[in-house]
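S.K.: Respectively, the protein sequence lines represent chains A and B. Position one of the first sequence corresponds to residue 1 (my numbering), numbered consecutively onward. Position one of the second sequence corresponds to residue 339 (my numbering), numbered consecutively onward.
Be a bit skeptical, because a hint or two may be false.
To be verified - Using C-beta positions, here's what the derived DEER-type ranges look like: (1) A:G21 x B:E521: 42 to 48 Å; (2) B:G472 x A:R320: 37 to 43 Å; (3) A:T332 x B:T660: 24 to 30 Å; (4) B:A527 x A:D309: 34 to 40 Å; (5) A:S306 x B:N382: 42 to 48 Å; (6) B:L532 x A:G78: 40 to 46 Å; (7) B:H536 x A:L269: 53 to 59 Å; (8) B:Q544 x A:N265: 49 to 55 Å; (9) A:R320 x B:H523: 45 to 51 Å; (10) B:D492 x A:D309: 42 to 48 Å.
Everything labelled a hint here was simulated from the structure, so no lab data went into it. The C-beta atom is built at its ideal place from N, Cα and C for all residues, glycine as well.
Listed below, chain by chain, are the residues.
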Amino acid sequence: MRSFPLRDARGRLVSLHDVRGRPTLIAFASRLDLEARRDQFRGELRSLGAALIVITRETIALLAPDDDVETLELVGDGGTDALFAHFGVKPGADGAHPLGLFVVDGDEAVVWQQIATSAGTDDTEELLAALRRAATLRQEASSAAQPLFNRREMIVTSLAGVLSVVFLERLGWARSPAPPAPTGATTSITLQVNGVTHKLDVEPRVTLLDALREQLGLTGTKKGCDHGQCGACTVLVGGRRIDSCLTLAIMHQTQPITTIEGLANGNGLHRMQAAFVAHDAFQCGYCTPGQIMSAVAMLEEGRVRSESDVREQMSGNLCRCAAYPNIVAAITSVMGKG
Amino acid sequence: MREIRYLSVAAEGPAIRALQADTDATYLAGGTSLLDLMKLEVLNFAQLVDVNAIPLTKIEVSNDGARIGSMVRNSDLALHPEIAARYPLLSEALLSGASPQIRNMATVGGNLLQRTRCYYYRDPSTACNKRNPGSGCAAIDGYNRNHAILGTSDHCIATHASDMCVALAALDAVVHTQGPGGERHIPFAEFHRLPGDHPEIESVLQHGELITAVSLPPPTGLRQSRYLKIRDRASYAFALSAVAAALRIEGNLIRGARIALGGVGTKPWRAVEAEQALVGKPANRATFTLAAAETVRGARTRPHNAFKVELTRRAVVRALSTIRGAS
Ligand SMILES: Cc1cc2nc3c(=O)[nH]c(=O)nc-3n(C[C@H](O)[C@H](O)[C@H](O)COP(=O)(O)OP(=O)(O)OC[C@H]3O[C@@H](n4cnc5c(N)ncnc54)[C@H](O)[C@@H]3O)c2cc1C
Ligand code: SF4
Ligand code: FES
Ligand code: FES
Numbered sequence: 001m002r003s004f005p006l007r008d009a010r011g012r013l014v015s016l017h018d019v020r021g022r023p024t025l026i027a028f029a030s031r032l033d034l035e036a037r038r039d040q041f042r043g044e045l046r047s048l049g050a051a052l053i054v055i056t057r058e059t060i061a062l063l064a065p066d067d068d069v070e071t072l073e074l075v076g077d078g079g080t081d082a083l084f085a086h087f088g089v090k091p092g093a094d095g096a097h098p099l100g101l102f103v104v105d106g107d108e109a110v111v112w113q114q115i116a117t118s119a120g121t122d123d124t125e126e127l128l129a130a131l132r133r134a135a136t137l138r139q140e141a142s143s144a145a146q147p148l149f150n151r152r153e154m155i156v157t158s159l160a161g162v163l164s165v166v167f168l169e170r171l172g173w174a175r176s177p178a179p180p181a182p183t184g185a186t187t188s189i190t191l192q193v194n195g196v197t198h199k200l201d202v203e204p205r206v207t208l209l210d211a212l213r214e215q216l217g218l219t220g221t222k223k224g225c226d227h228g229q230c231g232a233c234t235v236l237v238g239g240r241r242i243d244s245c246l247t248l249a250i251m252h253q254t255q256p257i258t259t260i261e262g263l264a265n266g267n268g269l270h271r272m273q274a275a276f277v278a279h280d281a282f283q284c285g286y287c288t289p290g291q292i293m294s295a296v297a298m299l300e301e302g303r304v305r306s307e308s309d310v311r312e313q314m315s316g317n318l319c320r321c322a323a324y325p326n327i328v329a330a331i332t333s334v335m336g337k338g
Numbered sequence: 339m340r341e342i343r344y345l346s347v348a349a350e351g352p353a354i355r356a357l358q359a360d361t362d363a364t365y366l367a368g369g370t371s372l373l374d375l376m377k378l379e380v381l382n383f384a385q386l387v388d389v390n391a392i393p394l395t396k397i398e399v400s401n402d403g404a405r406i407g408s409m410v411r412n413s414d415l416a417l418h419p420e421i422a423a424r425y426p427l428l429s430e431a432l433l434s435g436a437s438p439q440i441r442n443m444a445t446v447g448g449n450l451l452q453r454t455r456c457y458y459y460r461d462p463s464t465a466c467n468k469r470n471p472g473s474g475c476a477a478i479d480g481y482n483r484n485h486a487i488l489g490t491s492d493h494c495i496a497t498h499a500s501d502m503c504v505a506l507a508a509l510d511a512v513v514h515t516q517g518p519g520g521e522r523h524i525p526f527a528e529f530h531r532l533p534g535d536h537p538e539i540e541s542v543l544q545h546g547e548l549i550t551a552v553s554l555p556p557p558t559g560l561r562q563s564r565y566l567k568i569r570d571r572a573s574y575a576f577a578l579s580a581v582a583a584a585l586r587i588e589g590n591l592i593r594g595a596r597i598a599l600g601g602v603g604t605k606p607w608r609a610v611e612a613e614q615a616l617v618g619k620p621a622n623r624a625t626f627t628l629a630a631a632e633t634v635r636g637a638r639t640r641p642h643n644a645f646k647v648e649l650t651r652r653a654v655v656r657a658l659s660t661i662r663g664a665s
């Protein structure tokens, strides 16, 4: 997604997909007055855990659950037209804009979208009703099953989920263009993962990472960037470390695959795992499985002599929490033991 | 990523025939460039022909030179003892590229044909002549910090992002192919194309032509070499400017020189005039500075990449001085 940096009244930069750490709902409309129903909108946003950005031809307004309505300005040129165009919200024959609603996540991806066919009217009540219904559904869902984590990813996903239901319930909303649905022909493949042979049906386009996580339930291997840029998805294939996000499952039917789940010996941690624990080599832990797999392979490769070698040869694994000093300490402690 | 059909082949013939039969098919090697871009729907092929099982994985080094199979992984090539000893420039360039994981996946053939990292090329919502011929170039008037200053056209200013290729350009490599029309042996300087009016055509390969090997002449006089890569962080980043340099110094005089540049050209950039400015001259800073100026003569800069001119000059001087210091 192209990024459209915005600036608030105090000159601070606001990004469309991450309003001060909150997932964002973006609404496009011909007319929509947040101020008129500010308290009601705030209440619904609070229970949804999201911020709302409303974009009309004239203005861009932001409402976060605990703040006042703020006006945002686009940094750079193009005006709001560029935003409408980028999100594909096109004016109807009468020149009026439909109501478009988007949920975007921190990866700048649109995770959910819906564009209404009705157009031209004041959409304030329409949007408020939709959010109110979504908040109710959300509450019902979360009292049924208390989520263990309240991670941002889950907020975004559940937001998309409840909004889907809301718009299925409401007539007059066009179907959003379907995301690439997994409807393609599948092929039966065999993967040897952590010493176990698995038979599974996959579409040829499924990455090794997605097959491990989604089909074999081995969610220890993480998806960070999905584009070879972070190393969170590192696994060993034939003993060599690779990024499982940039390779297809169907390509790896002959060589043994090891994931983080296959490293420990029963309850006995692999010494690299133990070293990461002992050195507190993580903060959020998201990069950790990839770091550990990469470090295990690196020591096998046998080319590290110094701490700076460790840094260079571990550079394919990024840590967003910057736990690098402790990661390097954990790895060098294992090297020391030979 | 859109739906694909997948075919794995274990020999050259079936691979070539599979592509001949389908204009919407392409070869899949390490996947690190192709799958990355297919996920972004920048590239959309209906069929992928997986060539990983073709045994083009040998590295042969002799006094006549070296021959490297196209399916050799970047890490295996970089760490091959004889390559590291005879062609340290190539090893250094490879090890400066990407990450250990990606080098374990990436192949020699795929590296030659890796696509640019132009931000707009990777974003299908923008205009890009390379991705969508005739649509314009968002980079020329956009943010062009990682773009080229040499070999650009009015239609595209994207760099060729490979490090390996910069070393291969300096080493006078030859690319060997097998295709519907038989074998070809393509001198490295002719392999990649300048963007001109058709930035979407990046090499002289025909549809279905399979790279089988890369060969190198003997490294006579090229062992005093250096690959210097300047980037935004110490590792795991593409070059802003990179210099592959080799010098043969006798007494105090330069008898032979090779210079190629990365991160600044629309293709791996051999700097022939700079080499000529070195040969026969004393190996000192004054000579290096004159040669460095030659490397960027004719550079066409844009608002965000003008810094690459001075950066490249200094990198050339530093690379040559390091070689001089070590010899
Ligand atoms: C995060 C990241 C960072 C990177 N950093 C760097 C860097 O710093 N320096 C650098 O140089 N590179 C870097 N790369 C690029 C990497 O080196 C290339 O992606 C890799 O070399 C491509 O090789 P591959 O085998 O994976 O090719 P693939 O992705 O499989 O293929 C690439 C292209 O080559 C074609 N092809 C492959 N093999 C053949 C063949 N034998 N015959 C004919 N056509 C063939 C394919 O059809 C495709 O069009 C980076 C990549 C990523 C993802
Ligand atoms: S520089 Fe080339 S690749 Fe980049 S947007 Fe322009 S045409 Fe496309
Ligand atoms: S998820 Fe594979 S490298 Fe980031
Ligand atoms: S511990 Fe959080 S990303 Fe590394």
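S.K.: For each hint, tell me whether it holds in the structure or not.
M.R.: Each hint, compared with the structure:
1. A C-beta distance of roughly 59 Å is found between G21 of chain A and E521 of chain B, which places it outside the suggested range of 42 to 48 Å.
2. Remark: the range hint 37 to 43 Å for G472 of chain B to R320 of chain A is upheld by a beta-carbon distance near 40 Å.
3. For T332 of chain A and T660 of chain B, the hinted distance range of 24 to 30 Å is satisfied, since their beta carbons lie about 29 Å from each other.
4. Checked against the hint of 34 to 40 Å, the pair A527 of chain B and D309 of chain A passes, with Cβ atoms roughly 36 Å apart.
5. At about 45 Å, the CB distance of S306 of chain A to N382 of chain B agrees with the hint of 42 to 48 Å.
6. Distance hint for L532 of chain B and G78 of chain A: a CB-CB separation of about 31 Å, inconsistent with the stated range 40 to 46 Å.
7. At about 56 Å, the beta-carbon gap between H536 of chain B and L269 of chain A stays in the expected band of 53 to 59 Å.
8. Between Q544 of chain B and N265 of chain A the CB atoms are about 53 Å apart, so this pair conforms to the stated range of 49 to 55 Å.
9. Taken as a hint, the range 45 to 51 Å holds for the pair R320 of chain A and H523 of chain B, whose Cβ atoms sit roughly 47 Å apart.
10. For the hinted restraint 42 to 48 Å between D492 of chain B and D309 of chain A, the CB-CB distance of approximately 46 Å keeps it satisfied.
In the structure shown, a violation is registered for the earlier hints numbered 1 and 6, in ascending order.
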